[in-house]
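Novice: Chains as they are written, first to last, in our numbering: chain A, 1 to 200; chain B, 1 to 480.
Each hint should be verified, as a subset may be incorrect.
As the list claims (entries may be wrong) - Covered, in the sense of this in silico footprint (three residues per stretch, anywhere, with C-beta under 8 Å from a C-beta of chain B), are these stretches of chain A:
(1) 28 to 42
(2) 151 to 161
As the list claims (entries may be wrong) - Here are a few chain A residues that face chain B, going by a calculated C-beta distance under 10 Å:
(3) Val4
(4) Phe5
(5) Ser9
(6) Asn10
(7) Ala13
(8) Arg118
(9) Cys164
(10) Leu165
(11) Asn166
To be clear, the hints were calculated from the coordinates, so they are not data collected in a lab.
Think of the CB as a built atom: it goes at the ideal place given N, C-alpha and C, for glycine as much as any other residue.
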Amino acid sequence: MAQVFDRSSNALARAGLVLTGLIVVALGVALNQLQRSPWVTRQGQRADQPVPFSHRHHVEGLGLQCQYCHTSVEKSSYAGIPPTKTCMNCHAQIWTNAAMLEPVRTSWATGESIKWIRVHDLPDYVYFNHEIHVNKGIGCASCHGRVDEMPLMYAENTLQMEWCLNCHRDPAKNLRPTSEIYNMAWAGPSESKPVWCADT
Amino acid sequence: MATKPLPPHHDPAVDPMIDPVTGEFAVIAPGHTFKSVTEKISRVVLTSHTPLGWFFGLIVASGIATLFVIAVTWLVLKGVGIWGVTIPGAWGFAIINFVWWIGIGHAGTLISAILLLFKQGWRNSINRFAEAMTIFAVVCAGMFPILHVGRPWLGYWLLPLPNTMNVWPQFRSPLAWDVFAVSTYATISVVFWYIGMVPDFGTLRDKAQLPFAKYAYGLLSLGWRGSTRHWMRYETASLLLAGLSTPLVLSVHTVISFDFAVAALPGWHTTIFPPYFVAGAIYSGFAMVLTLAIPIRKFYHMEDLVTVRHLDNMAKVMLGTGLIVAYGYAMEVFMAWYSASHWEWFMMWNRMFGPLGWGYWLLILFNIAIPLGTLWWRKLRTNVAYLFLLSIIVNIGMWFERFVIVVTSLYRDFLPSSWGTYKATRWDYLLFIGTMGLFTSLFLLFVRFAPMIPMNEIKMMLPATKIHGIDAEETVEETA
Numbered sequence: 001m002a003q004v005f006d007r008s009s010n011a012l013a014r015a016g017l018v019l020t021g022l023i024v025v026a027l028g029v030a031l032n033q034l035q036r037s038p039w040v041t042r043q044g045q046r047a048d049q050p051v052p053f054s055h056r057h058h059v060e061g062l063g064l065q066c067q068y069c070h071t072s073v074e075k076s077s078y079a080g081i082p083p084t085k086t087c088m089n090c091h092a093q094i095w096t097n098a099a100m101l102e103p104v105r106t107s108w109a110t111g112e113s114i115k116w117i118r119v120h121d122l123p124d125y126v127y128f129n130h131e132i133h134v135n136k137g138i139g140c141a142s143c144h145g146r147v148d149e150m151p152l153m154y155a156e157n158t159l160q161m162e163w164c165l166n167c168h169r170d171p172a173k174n175l176r177p178t179s180e181i182y183n184m185a186w187a188g189p190s191e192s193k194p195v196w197c198a199d200t
Numbered sequence: 001m002a003t004k005p006l007p008p009h010h011d012p013a014v015d016p017m018i019d020p021v022t023g024e025f026a027v028i029a030p031g032h033t034f035k036s037v038t039e040k041i042s043r044v045v046l047t048s049h050t051p052l053g054w055f056f057g058l059i060v061a062s063g064i065a066t067l068f069v070i071a072v073t074w075l076v077l078k079g080v081g082i083w084g085v086t087i088p089g090a091w092g093f094a095i096i097n098f099v100w101w102i103g104i105g106h107a108g109t110l111i112s113a114i115l116l117l118f119k120q121g122w123r124n125s126i127n128r129f130a131e132a133m134t135i136f137a138v139v140c141a142g143m144f145p146i147l148h149v150g151r152p153w154l155g156y157w158l159l160p161l162p163n164t165m166n167v168w169p170q171f172r173s174p175l176a177w178d179v180f181a182v183s184t185y186a187t188i189s190v191v192f193w194y195i196g197m198v199p200d201f202g203t204l205r206d207k208a209q210l211p212f213a214k215y216a217y218g219l220l221s222l223g224w225r226g227s228t229r230h231w232m233r234y235e236t237a238s239l240l241l242a243g244l245s246t247p248l249v250l251s252v253h254t255v256i257s258f259d260f261a262v263a264a265l266p267g268w269h270t271t272i273f274p275p276y277f278v279a280g281a282i283y284s285g286f287a288m289v290l291t292l293a294i295p296i297r298k299f300y301h302m303e304d305l306v307t308v309r310h311l312d313n314m315a316k317v318m319l320g321t322g323l324i325v326a327y328g329y330a331m332e333v334f335m336a337w338y339s340a341s342h343w344e345w346f347m348m349w350n351r352m353f354g355p356l357g358w359g360y361w362l363l364i365l366f367n368i369a370i371p372l373g374t375l376w377w378r379k380l381r382t383n384v385a386y387l388f389l390l391s392i393i394v395n396i397g398m399w400f401e402r403f404v405i406v407v408t409s410l411y412r413d414f415l416p417s418s419w420g421t422y423k424a425t426r427w428d429y430l431l432f433i434g435t436m437g438l439f440t441s442l443f444l445l446f447v448r449f450a451p452m453i454p455m456n457e458i459k460m461m462l463p464a465t466k467i468h469g470i471d472a473e474e475t476v477e478e479t480a
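Here chain A stands alone, though its shape is the one from the complex (with noise of 0.2 Å):
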C-alpha cells in the first residue's frame, strides 16, 4: 500500500510550522505599524483646498505673525480659520486678477464661506483648547511643525492620543519662553546654549 504523505511532507511540515509563527510574527508587526502609519494618521498629505494657500508665502516670504489670521489662538480653544475678509484686506488691493483667487473673491462678492479642508481634524470627543497651550509655553512648531515652510498645509504630527500623552507626561522637553511661542525656528537649549535666552 502507498503511503499517504510521501517524502517532501517532512520539509512541507516544518516549513508550515515555520510559516505559521512567521505570519503570527508579521501579522502583529504590520497591525502594530499600520496604526500609525501615514497611511491612517494622513501625515504629510496635503488637502486639496479650494485655495492653494500657502504658509511659507504668508509667513516666511511676508513674515505675518501667526496671530494676523487665527486670531482666536491665544484666548480661545479654537485657533480660527481667517475670514474671507482677512484674505481681502490685501487681496482686494493685490493680485486682485489672479486666478488661484477666484473663490475668494467669490466668497466675497456671495457671502459663501470658503470651504477649507482640515487638515487638523481631531475627533469631536476630545476637547482640545489652543489657549492653555499657547500661553503655558507651547510654541506653534511643537505641535505644527515647520508651518512657516509649508507651501501647503499638512498634519506635520499624528494627533494620537500617544502623542499628546507623550508630551503630557513629560511636558518639559516641549516648554519654551512665552516670547517665543509664534517664532517658528526657535531652538531649544543645546549643549553651547544650555539656557533659554530671549533673544535667540
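With chain A fixed as given, assemble chain B onto it according to the hints.
Specialist: Here is chain B on its own, set in the frame of chain A:
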C-alpha cells in the same frame, strides 16, 4: 479502573458487569476486543452511509442557528436596545446565557481533567464528547460578552494590546478577567481535546478507505505512530494538561462569579459565589452531558460503551454538586437574615415573593426539589428515560438560577426610585435559541467527523490490557 472492590455476594458468572480477571466492577460491557472497539467507534466516522437522522438533526439545528445569525445581524444594525434590558436591569439574557453556557462547559473539563487526576476509569467513555461539549458551549458563551456590549466592534479594546491611545484594559474589573479566563479556557480546552484525539485520528487515518479521508485524518494525526515514546509523552502531556485544567475549571467560573460578587449589590455581593457558581456549573454541565449522551448512545447503539453505570455515576456527581448548590441557596437565605441588612433581607424577600418570584420557586423546584429528591434512588439513577428528563429539568433550573441572580438583584436595589422590571423581548429569545442551534450543529458535526469516544482510552480498559491476568483466579477466589 476500579470504582469499588468486588462485594462478596457477587459472582462474576452471574453479573456480567464484573470483570472476571480483576474482580472489579467493569464500566463497559464485556465482550469487547481491541478490534471491536475500533470498528464500532470508527464506523460512525468512516461510514459511507451517514444516517438520515443525522442529516435531519443537522438541518433542524442549522436552521435554528440561522436564527442566531439573524438576531446578531439585527442586533448590530439596531443596537442592544432591541433587547429587554433597562436601566435598573442592564444585564439580562445575554449575561444569563453567557454564564449558563460557560457553566455547561465546565462538566467537560471536570470529566476530562479532574476525573483523570482521580484515575476514574469511567470517564474514558464520556470524556471526548464532554470535551466537545465544553468547546461548543464556550463558543456559544464567548459570543455573548462581545454581543452584549453596545459597540461590539471595539471589543478588542479589552485585550492588552499596544495601541496609539496608550490605553490598556482595567485589570481590576472582573469583566476584564472574564476575557482572560474565557479565552484561556477556550484555548486549553481545544488543545486538550485535540491532543486527546491525535491517536484516534491516527486510527481513523489507518482505517479510512477514501484517499481524502486518509489525507485529512493523516494531517490531523500529525504523523502519530503509537510508539512507546509517543505514548509516554502523550500520557505526560495529558496529565499535565489535566493538572492545568483543574485549577482552570475552578478559576474560570470563579472569575465569572466575580462579575457579580465584586459588585456592591445586595444579592450579588456574596463571598459564597465562587464555589457555589463552580458547583452550579458542574451541576448544569453534567446535566448537559446526560442530555447529549443519552440520545447519542441510543442513536449510535453505544449502550455497551456508555453504560448505565456511566449514567449512574454522572447522576451521582449531579447529586453531589446539586447538594452544594442547595447549600448555596440555603446560605444565601440564611445570610440575608443573619446580616441584619435590610437591603439583603428585602432582596431575599423580593426574590421569593416579588413580581419575579415565580422564577425563584421554579429554580427551587427544578434544581433542588425534583433532582435532589429523586437522585438518591438507584432505580431512578439507572432509569435512562428519567435521567434524560431530569437532565433537561436541571438545565432549565440552572438557567433560572442565573436569571434569578442577575435579574432579581438588579431590578430592585437600594433606591426605590430606580426600581424597574425586566421583560425579555423576542430578540433575547431568538439569540438564546439561536445559540442552542449553533451548539447542536457543531456537536452533530463533531459526532460525524471525529471519534466521539476515545478508542485508545477504551482499549486500555479492556481485560486484555491487564498484565496480571495470571493472578485472575486468585483474585476472584480471594474476594469470593
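Novice: Quick one: which hint numbers does this structure break? Sort them smallest to largest.
Specialist: Number 8 - this is the single hint that the structure violates.
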